[in-house]
Amino acid sequence: MRNALLVASREYVDNARTKGFWIGILVLPIILVISVQVPRFLEKNATPTRNYILVDHSKNLESVVQKTMDDAYQLQVIEELATYASEHMMLPQGTNMPDLESVPAGGIAGMLQEFMNSNPEVVEQFIAAGGLSTALNMMEGLLKEDAPEFEAPRRKFQQVSLPSGVASTLQGRELADALTPWLKGDQTLDGERAGEDLFALIEIPADVLGEGKVQYWAVNLADSDLRKKVERSLNQEVRRLEYEKRGMDSGAVREVERASIGLTSLDPRKEAGEEEVSLADEIRQYAPIGFVYFLWIAIMQVASMLLNNTIEEKSNRIIEVLLSSVTAWELMAGKLLGIAGIGLTLVTAWILSMLGILWYFGGQGTEITTQLLDVVLGHGLLPAFAVYFVLGYFLYASIFLAIGSICNTLKESQNFMGPMMMIMMVPLLTMMFIPKDPNGTLATFLSWVPIYTPFVMMNRAAADPPLRDLIGTTVLLIVTNIGMLWLCGRIFRTGILRTGQPPKFRELFRWLRSSS
Amino acid sequence: MSDFALELHGLTKRYGEFTAVQDFSLAVPKGSIYGFLGPNGAGKTTTLRMVLDIVEPSSGSMTILGAPSALDVREKIGYLPEEKGLYKKMKAWGTIAYFASLKGMNRKAAKARAYELLERYGLADFADSRIEALSKGMSQKVQVLASIAHSPEFVILDEPFSGLDPVNQQVMEEVIRDMASEGATILFSTHVMAHAERICDRIVLLAQGKKIFDGTIAEAKETMPTRVVLDADVDASALQKLPGVIAVEPHVVDGLERGWEILLSEDAEPERLLQECFSSGIALRAYDHRPPTLHDVFVHLVGDDAREAKKR
Chain A
3 MRNALLVASR
13 EYVDNARTKG
23 FWIGILVLPI
33 ILVISVQVPR
43 FLEKNATPTR
53 NYILVDHSKN
63 LESVVQKTMD
73 DAYQLQVIEE
83 LATYASEHMM
93 LPQGTNMPDL
103 ESVPAGGIAG
113 MLQEFMNSNP
123 EVVEQFIAAG
133 GLSTALNMME
143 GLLKEDAPEF
153 EAPRRKFQQV
163 SLPSGVASTL
173 QGRELADALT
183 PWLKGDQTLD
193 GERAGEDLFA
203 LIEIPADVLG
213 EGKVQYWAVN
223 LADSDLRKKV
233 ERSLNQEVRR
243 LEYEKRGMDS
253 GAVREVERAS
263 IGLTSLDPRK
273 EAGEEEVSLA
283 DEIRQYAPIG
293 FVYFLWIAIM
303 QVASMLLNNT
313 IEEKSNRIIE
323 VLLSSVTAWE
333 LMAGKLLGIA
343 GIGLTLVTAW
353 ILSMLGILWY
363 FGGQGTEITT
373 QLLDVVLGHG
383 LLPAFAVYFV
393 LGYFLYASIF
403 LAIGSICNTL
413 KESQNFMGPM
423 MMIMMVPLLT
433 MMFIPKDPNG
443 TLATFLSWVP
453 IYTPFVMMNR
463 AAADPPLRDL
473 IGTTVLLIVT
483 NIGMLWLCGR
493 IFRTGILRTG
503 QPPKFRELFR
513 WLRSSS
Chain B
230 MSDFALELHG
240 LTKRYGEFTA
250 VQDFSLAVPK
260 GSIYGFLGPN
270 GAGKTTTLRM
280 VLDIVEPSSG
290 SMTILGAPSA
300 LDVREKIGYL
310 PEEKGLYKKM
320 KAWGTIAYFA
330 SLKGMNRKAA
340 KARAYELLER
350 YGLADFADSR
360 IEALSKGMSQ
370 KVQVLASIAH
380 SPEFVILDEP
390 FSGLDPVNQQ
400 VMEEVIRDMA
410 SEGATILFST
420 HVMAHAERIC
430 DRIVLLAQGK
440 KIFDGTIAEA
450 KETMPTRVVL
460 DADVDASALQ
470 KLPGVIAVEP
480 HVVDGLERGW
490 EILLSEDAEP
500 ERLLQECFSS
510 GIALRAYDHR
520 PPTLHDVFVH
530 LVGDDAREAK
540 KR
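Protein chains in written order, with our numbering: chain A, 3 to 518; chain B, 230 to 541.
Hint data in this document are derived by calculation from the structure and do not stem from the laboratory. There's no promise every hint is true.
Only pairs whose alpha carbons sit at most 20 angstroms apart, straight line, appear in this in silico SDA-like list of lysine to any residue [unchecked claim]:
| no. | chain 1 | residue 1 | chain 2 | residue 2 |
| --- | --- | --- | --- | --- |
| 1 | B | K317 | A | R12 |
| 2 | B | K317 | A | R319 |
| 3 | A | K413 | A | M302 |
| 4 | A | K215 | A | D199 |
| 5 | B | K320 | A | A10 |
A partial selection of chain A residues facing chain B, derived with a Cβ cut-off under 10 angstroms [said to hold, decoys possible]:
| no. | residue |
| --- | --- |
| 6 | R19 |
| 7 | E81 |
| 8 | I320 |
| 9 | S326 |
| 10 | L499 |
Every residue gets a Cβ at the ideal spot worked out from N, C-alpha and C, and that includes glycine.
The shape of chain A in the complex, shown without the other chains (with noise of 0.2 angstroms):
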């Protein structure tokens, strides 16, 4: 035991000076806060704002897209001014963030777009009340210290005038062909809005009532927003033109649209007025995901240190000098053993970045942050995602070892590396599904395989899988533990000290049943 622990410590130290480990330990924070931070950042900045020249030969419809631009751009601006208002504003005294536990599945973006949906006069509200400047105003005072001015967002899109020279009586492909140096870039605009790209040509045809079609004209075909809300809002009039004409009001059809009936979920298995699901709820659906995720990468990760160090070892023939001090066993197990320090060293370095990340950007003070650890902390999640690692890792590093040992080099051990990253990539295409459907056939067949026990009942393991499943592929996976490292023990003990090619499968199984 002492030398196994000698040969512990050793692995550990040597791997933990790695830059491997290091990158390792970081890259989960990283990507993590790249994965938050640059779509947030891309919205705002990435794409710029879409020109576009309206020409409306009909002479009715130009300023009812105007409006809707107008429109959807104060919707912008309040939103935006919600979450400035939401980090910046002192909260009045008692006043506590919205529980998680209470808010509906969809969450907070989900219900302020509903609510918009139902009310879209709160626009016209919002600039009858003075807009933005008025609302700064009264923000004002309410406003912690160190708030930064508010920066209004920029428009997303922009109606520009046609470009001098250009006459707005040209028709279809004619027009088009006059703007296209501007359309494909080979022309900046000028006046307000100089050296910008012109994104898009839309033309109303004259009778656009009758048989005329609207032509949208745009070299990028993959950006369809202001096609859609230029075509959203075209309709719109368009229909509210027929009821006119049909001699309906078209108020009250407007207020009939608006109509809708509420929908909830619930789950039977809360407490009597309870049951609305919650975002909590849902958060503690998918949060598996993140473990099994966790669990497959770090799995993989210290398996692969156990197969290249095992190989170098190998290589080096330090291996011969190793076993003339130490047992085949002691040496196993001490690689074993040092490894999943560095493992535990990993799992444990990540989760606490994650706490880290969570409350840095939970900004909004730490009970939100709380909350959400309550959700990802509670339920027994985490104590499950130790049982499996610890279970899935001296699996999968028995069988890492086995490979490290019957092999020279690392090319050789892609050979067998090949069908096993086959195997192990199952529990990654399924963790998106098993979710859904937790307690399924699915899931519960992959729960029976012992290799994929630890990612699959990670991946169920909010969802209250069925105690025969807990307990029945737990111990599955303890004896296909306790078998592994006893068949993996036998060929690490004759590969190790083998040179020349990988012994062909009929051999191994000779050294499984050879007693020497």
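Following the hints, put chain B in place on chain A, whose structure we already have.
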């Protein structure tokens, strides 16, 4: 307690059809320096691995420092394998200390010992260097020191001289002598006969898995017929007639024939041959009678075996 550090009884190792070592017996007296010689593929490394209980013999038994397995007394044994290698990222002192601690030394003592050895054998400046920063010769020295840091009673060295320059080969000899003077028993394998001849008390010769000689160097030389080299204007047949002569072959030096090499029967004396030459009227330009070197003995005993291509 036995007077022998190591006793092997009929050790045999088979790999499938192939017999690597056959019925090998040996007794290594305590405190001796024993040379383990043989051509490539003779089974030396396999034998040493069996001695260390790294591979299990197919049959046979042994006693090492009074125990049936080297693992029972591993803290008293030092081993340097044939192919040298160390952890590249570890420091020189750390490597030595690690292997010493695996052999039962406590960590503090192991560290002190590592620095002491590095100093003694001229590597003090490199104690804190990583192995990957050392030259091949230096890292090999580190490995040798790692294998003896725990002051073992019995040291097994597999090809300790290979890959070392002449100066470091001297250092290696010095290490072996130092160990012996401290009372350790040493068993080492080598191809270089000069080293064996200079430092061994006894040698054992292995060819194709079988022991073909075991004894002192003097005894080894006695297995060779006496050889005389002479240069004279006579042809082989005249020399062949002289009493005691078994064979006459051209003596070749640097690709040129320089007289004759004469093998004498065991009871013949070289001085008699000289007299016979004079009395037969053979005019000698040169006469040289020198005792055989261990190299000659090696080539004589295993020459044909060694040249034959072997299939493993």
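Going down the list of hints, with the structure as the test:
Between B/K317 and A/R12 the CA atoms are separated by roughly 13 angstroms; this keeps the pair inside 20 angstroms, and the hint holds. Pair hint B/K317 plus A/R319 holds up; C-alpha atoms about 12 angstroms apart against a cutoff of 20 angstroms. Our distance criterion of 20 angstroms between C-alpha atoms is met by A/K413 and A/M302, whose separation comes to about 18 angstroms. For the hint linking A/K215 to A/D199, the alpha-carbon distance of about 25 angstroms lies beyond 20 angstroms, and the restraint is violated.
The hinted pair formed by B/K320 and A/A10 meets the criterion: a straight-line CA distance of about 18 angstroms does not exceed 20 angstroms. The interface hint given for A/R19 is met, as the beta carbon of that residue sits about 7 angstroms from the closest beta carbon of chain B, less than 10 angstroms. Annotation: interface hint on A/E81 violated; nearest CB of chain B at approximately 54 angstroms, more than 10 angstroms. Annotation: interface hint on A/I320 holds; nearest CB of chain B at approximately 5 angstroms, less than 10 angstroms.
The restraint placing A/S326 at the interface with chain B holds, with a minimum CB-CB distance near 4 angstroms, inside the 10 angstroms limit. Because the beta carbon of A/L499 sits about 6 angstroms from the nearest beta carbon in chain B, less than 10 angstroms, this interface hint is met.
Figure legend: structure checked against the earlier numbered hints; hints not met, in rising order: 4, 7.
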